[in-house]
Amino acid sequence: MPTSPARLRCLVVDDNEINRLTLEHFVEMTDALDLVASLPDAVQALNMLRSGTPIDLLFLDIEMPHLSGLDLVRALSEPQPQVILVTTHADFAVAAFELAVADYLVKPVDYARFSKAVDRVLALRAAASPTLPAATTVTEGSELFVKVNNKLVKLDFNDVLYIEAMSTYSVFVTPKHKHIVYITLKALEERLPFSHFVRVHRSFIVNTKRIEAVEDNQLLLGEHEIPVGKSYQEEFFRKLRSL
745 MPTSPARLRC LVVDDNEINR LTLEHFVEMT DALDLVASLP DAVQALNMLR SGTPIDLLFL
805 DIEMPHLSGL DLVRALSEPQ PQVILVTTHA DFAVAAFELA VADYLVKPVD YARFSKAVDR
865 VLALRAAASP TLPAATTVTE GSELFVKVNN KLVKLDFNDV LYIEAMSTYS VFVTPKHKHI
925 VYITLKALEE RLPFSHFVRV HRSFIVNTKR IEAVEDNQLL LGEHEIPVGK SYQEEFFRKL
985 RSL
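To get the working numbering, take the position in the sequence shown, counting from 1, and add 744.
Derived from the structure by calculation, the hints contain no laboratory data. Be careful, since some hints might not be right.
Simulated crosslink set (DSS-like; lysine-lysine; CA at most 25 Å straight-line) [what the hints assert, rightly or not]:
hint: 1; residue 1: K898; residue 2: K851
hint: 2; residue 1: K898; residue 2: K920
hint: 3; residue 1: K891; residue 2: K860
hint: 4; residue 1: K974; residue 2: K920
hint: 5; residue 1: K920; residue 2: K891
hint: 6; residue 1: K930; residue 2: K974
hint: 7; residue 1: K953; residue 2: K974
hint: 8; residue 1: K898; residue 2: K953
hint: 9; residue 1: K891; residue 2: K922
hint: 10; residue 1: K860; residue 2: K898
hint: 11; residue 1: K983; residue 2: K953
hint: 12; residue 1: K851; residue 2: K891
hint: 13; residue 1: K983; residue 2: K930
hint: 14; residue 1: K953; residue 2: K930
hint: 15; residue 1: K930; residue 2: K898
hint: 16; residue 1: K891; residue 2: K953
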């Protein structure tokens, strides 16, 4: 039966069979979730994700042979699925925070705590969908509203030096501020209505109007230096010449 687009496609990864069966059961109990696969090994999971199998949410153990859950998250390319880490120890909380995972569950996990974590993921997805409004919401020629935390902030894109990827977030950097917005750099690239914002690296989009100099494939924007990735160089310099 085809998966409903309203439900999150889930992958469970845990080398402990009892823990894996518990998570499978919790997923099956939850109307918002569809279980795509349940695997005992992070390497198998990485291969599945790299093959293009669509996964929205990953329930992931940390301590596994061959490849840890944390290393699996680090190996994933954008756009990444949301990740809920499930582990026996609380010692990995700092590392989990640095990877911007959606939640962190300590075993044994009960259904109430599992459900709360799923609610958090659903809230993040709901917040992400209107993060960058369509071009019709431009207030003036260079301004857009972006969603920062729980409020819409009017941002003058003439002030934005560059935008940096940070896991499933993007950081808008101006000379005075940094705004963290829940949207991937790839999704942002597709929706920005300003032609002078150009992708120059897998982690950076730059405002070409704010480039002060180019030296050895490094862009100087005020006090900031942004690299031009090798695969982006030809297209970037072609666009730069046409501006």
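Hint by hint, here is what the structure shows:
This hinted pair does not check out: K898 and K851 have alpha carbons roughly 42 Å apart, beyond 25 Å. Annotation: proposed proximity of K898 to K920 holds, straight-line Cα distance about 15 Å (limit 25 Å). Straight-line distance between C-alpha atoms of K891 and K860 comes to about 23 Å, which keeps the hinted pair within the 25 Å bound. Only pairs whose Cα atoms come within 25 Å are accepted, and K974 paired with K920 is rejected, the gap being roughly 30 Å.
Note on K920 and K891: the hinted pairing holds, with a Cα-Cα distance of about 18 Å set against a maximum of 25 Å. This hinted pair checks out: K930 and K974 have alpha carbons roughly 18 Å apart, not beyond 25 Å. Restraint check for K953 and K974: the C-alpha separation of about 21 Å stays at or below 25 Å, so the hint holds. As the CA atoms of K898 and K953 are separated by approximately 20 Å, the hinted pair is consistent with the 25 Å bound.
As the CA atoms of K891 and K922 are separated by approximately 13 Å, the hinted pair is consistent with the 25 Å bound. Between K860 and K898, the direct Cα distance comes to roughly 32 Å. Violation of the 25 Å bound is thereby established for this hinted pair. Restraint check for K983 and K953: satisfied, since their Cα atoms lie roughly 12 Å apart, inside the 25 Å limit. About 34 Å separates the Cα atoms of K851 and K891, which puts this hinted pair outside 25 Å; it is violated.
Under the criterion of a C-alpha separation no larger than 25 Å, the hint pairing K983 with K930 is consistent with the structure, at around 19 Å. Proposed proximity of K953 and K930 is supported: the alpha carbons are some 21 Å apart, at most 25 Å. Between K930 and K898 the alpha-carbon distance is near 21 Å, which keeps this suggested pair within the 25 Å criterion. Simply put, K891 and K953 have alpha-carbon atoms about 24 Å apart, close enough for the 25 Å limit, and the pair holds.
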